[in-house]
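Asks: The chain contents come next:
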Amino acid sequence: MNGHPTRPEDFDLYALGVLEGEEKAAIESHVPTCAECAKKLAEARGRIALLAFTAPRVEPSAAVRERLMRQIHSSAEIAGAKHAQREPERAAGFFGRWWAAVLVPACILLLFVAARLRTENERLGRELAQERATMQQQQKQLDEARHAQALLESKDTVSVALAQQPGMPKGDVRVMYNSKMGMAMCDGWVEPAPANKSYQLWMVPMEGKPVSAGVLDGGPINPWMVHLPQGMAAKAFAVTLEPTGGMPQPTGPMVLVGPIT
Amino acid sequence: MSGQTGTELRASDAALIQKIVQRDESALAALYDRYASLLSSLLNRILRDTQAAEEILQDVFYQLWLNAAQFDPARGSLPGWLAVIARNRAISRLRRHNPSDGEELLETTVIVPVNLENAITQQQLLGRVKGALDNLSTEQRAAIELAYFEGLTHTEIASRTGDPLGTVKTRIRTAVESLKRTLLS
Chain A
1 MNGHPTRPED FDLYALGVLE GEEKAAIESH VPTCAECAKK LAEARGRIAL
51 LAFTAPRVEP SAAVRERLMR QIHSSAEIAG AKHAQREPER AAGFFGRWWA
101 AVLVPACILL LFVAARLRTE NERLGRELAQ ERATMQQQQK QLDEARHAQA
151 LLESKDTVSV ALAQQPGMPK GDVRVMYNSK MGMAMCDGWV EPAPANKSYQ
201 LWMVPMEGKP VSAGVLDGGP INPWMVHLPQ GMAAKAFAVT LEPTGGMPQP
251 TGPMVLVGPI T
Chain B
1 MSGQTGTELR ASDAALIQKI VQRDESALAA LYDRYASLLS SLLNRILRDT
51 QAAEEILQDV FYQLWLNAAQ FDPARGSLPG WLAVIARNRA ISRLRRHNPS
101 DGEELLETTV IVPVNLENAI TQQQLLGRVK GALDNLSTEQ RAAIELAYFE
151 GLTHTEIASR TGDPLGTVKT RIRTAVESLK RTLLS
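Chains A and B are the protein sequences, given in the same order.
Reminder that position 245 of the first sequence reads as 245 in the numbering used here, one-by-one numbering, no gaps.
Reminder that position 130 of the second sequence reads as 130 in the numbering used here, one-by-one numbering, no gaps.
Bound-form chain B, shown alone (with noise of 0.2 Å):
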């Protein structure tokens, strides 16, 4: 088991942003290293397409390059940063839409609750999330999914499934409610 906490994943991931900050390429490398294939995951799982996942990771990392004096570890995770980032060009790329500068301003600060720096605690939380999403019924887990790797709103997800608008929007929320008390249990 880690015996590393939270403040400790801080500082390490303060140092190699503070490191970027000065341009050492390789504080950016070891970044890369720690959190590409979570990424890589994402990407693909979302366009379903190689060669684009590559080049919006590319891109993230290279944004992180360009503007890490304006990340500040201190007020929240930076791969939870990255995955709201990817996440958030992925669908756009989807979609053929450029997220709107709102967006972009209230996605600044992520705060995730654990330690994601090491594999070991990354695959026990991979197996919170996956018992959560088990706990959802097959309807709200398919809704969660298509909002979350396709990027659909309420009425989309209508649409998409056929389903009264309203009890796509309860699905959704019990859903969502149920996934937050199991995250935060």
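Here chain A stands alone, though its shape is the one from the complex (with noise of 0.2 Å):
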């Protein structure tokens, strides 16, 4: 069979990997012969690669982004030698040739020395990078808590105790808000999200929408910094239950909420 597959599904299932047999080998057989076709499995290729946004969130480490960069940067170097090889290549004639027969077995030799050279740079190179990843992250790790001890110090910081709302889950979390130093630091527990759901503290200002302050999965929460805007006047802070993974501007019931007095 060569025509058009008979139901717009099976571009889905094709893309999805669940086809066997004929039933995959007429859509690879097709496809290639037919623009239309070929779309429609290009768009169902792009709904199925949508289910990846499902999977858990991971961040890659830092030393991966480092690698790479290492990786290409190498590749670049390598083709810019090569590049330069071919140049003296060209002019080569027959006094080439003749220092060609000394210079094979000196090149040989070279190339197995900078082969060693180089599986030691890249061994370097790799924990290199792995130090400046741990480096990075203590560094972060240093300020984040030079912004909280900054933050407790200081006479502007006001606290905000949340309260929990009639009928809503139990929680009881605190701010502490500086709104000069645009920062606040939240504390306390809140039971754990229904299920699709989570929580999303929020910065309610004077004027204007409120601003988000980061998502909460329930239980008890770390002391966690939080950069706002410097210098927006606040009223209040509030928690509000959402969509898993929180929403721009607040669309859930309220769940705590603490007036800045």
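Watch out, some of these pointers could steer you wrong.
SDA-like, lysine to any residue: derived pairs with alpha carbons at most 20 Å apart [as the list claims (entries may be wrong)]:
1) A/K197 / B/Q124
2) A/K235 / A/Q165
3) A/K155 / A/A145
4) A/K24 / B/S92
5) A/K140 / A/K39
6) A/K39 / B/I111
7) B/K130 / A/K39
8) A/K24 / B/E156
9) A/K24 / B/G166
10) A/K39 / B/F71
Simulated from the structure, these hints should not be mistaken for lab results.
Dock the two chains into a complex; use the hints.
Replies: Given below as structure tokens:
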């Protein structure tokens, strides 16, 4: 068979990878010959690819980015070296070939030494990248600790206790807020969020729309620094219940509220 | 809410791809920063092995560096394409086989109907996709996840769940129809 697939979902099923045998072969033999079906398959792939967004968030370590950049930098250098090597080859005549008999063994030796050095260089590079990643992480923790100390010591910092709203999940959250510094620190606890929901902390300004201060999954909250717009006068902090991952603006019910007095 | 349109997204990704073709390392770094988190999450979900996930993550972006000239942003979505390639490599590693040339050939174009460039749009999309999955029955959702995250075929899912093959096929087909309706609505 080499006609159009009979059912439109066949493209999605192929993209999902569940088709086998003749059903799979029919798509693979037809699509390269049919622009219309190739477009339908591309659209199906796009729909199925959206399932990737449901995977739990896992950030890659900083070392991956370091290794990648080092890898592409090395490949660019090798490409440049090959280009430079081709120029003398074009100019080589009788004398070039005579000298080649002498130079080839020397080059082989040099290549061997270079390969050893490159391996060693790569190993050192990996270790350096790991060290850099660790240092960046430690620096970040140190900065956060300094911010927290400055926040707690400032006379402009206010403490806001967020109270549970009637009929809402239980929780006890406290926010230390400094509008001049544009920083807040949040701690306490809130009972686990219902399925497919997240708690979201908001700073409610005197004027304008609420500003998201982060998403909470429920349970104990480790003391947590939040960076907010500097100089914005706030009248309250609130926690709402939102779809998993949070929303740009509050849409769900208020679970905890704390006015700034 | 983002004011960017799909056209602006393609132009932005297209500009970075063009710079990569010209060997601009910072352009690759920018695309990595934009999409590495999405791919890392997907790879870890499939492989459940951080080291293997990071190897494939690095390799996918290295292949983008090597083959950027072959990617035409006007014909499809870069994040969609990266997600398809990353998933294929992870499933291949899981099942210890290499994808056939035919599969690679058919997977060059991926059209995603929404702007994936910024985090807010991604969050909203996450809500829609999760909502679409929530509308499925438990059995349908499990079958879709076995297919997408473990790379199982109809027969393998039937074998894994102990359900008749016909039941599994119907279950997945109706689930896919439902997902398609919800995501296009």
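Asks: For each hint, tell me whether it holds in the structure or not.
Replies: Do the hints match the structure? See the list:
1. A/K197 / B/Q124: Roughly 13 Å between the alpha carbons, so the hint for A/K197 and B/Q124 holds.
2. A/K235 / A/Q165: holds, 17 Å
3. A/K155 / A/A145: holds, 18 Å
4. A/K24 / B/S92: Distance ~17 Å between A/K24 and B/S92 Cα, so the pair holds.
5. A/K140 / A/K39: violated, 46 Å
6. A/K39 / B/I111: holds, 8 Å
7. B/K130 / A/K39: violated, 25 Å
8. A/K24 / B/E156: Holds - the C-alpha atoms of B/E156 and A/K24 are around 15 Å apart, at most 20 Å.
9. A/K24 / B/G166: The hint holds at about 17 Å.
10. A/K39 / B/F71: Distance ~16 Å between A/K39 and B/F71 Cα, so the pair holds.
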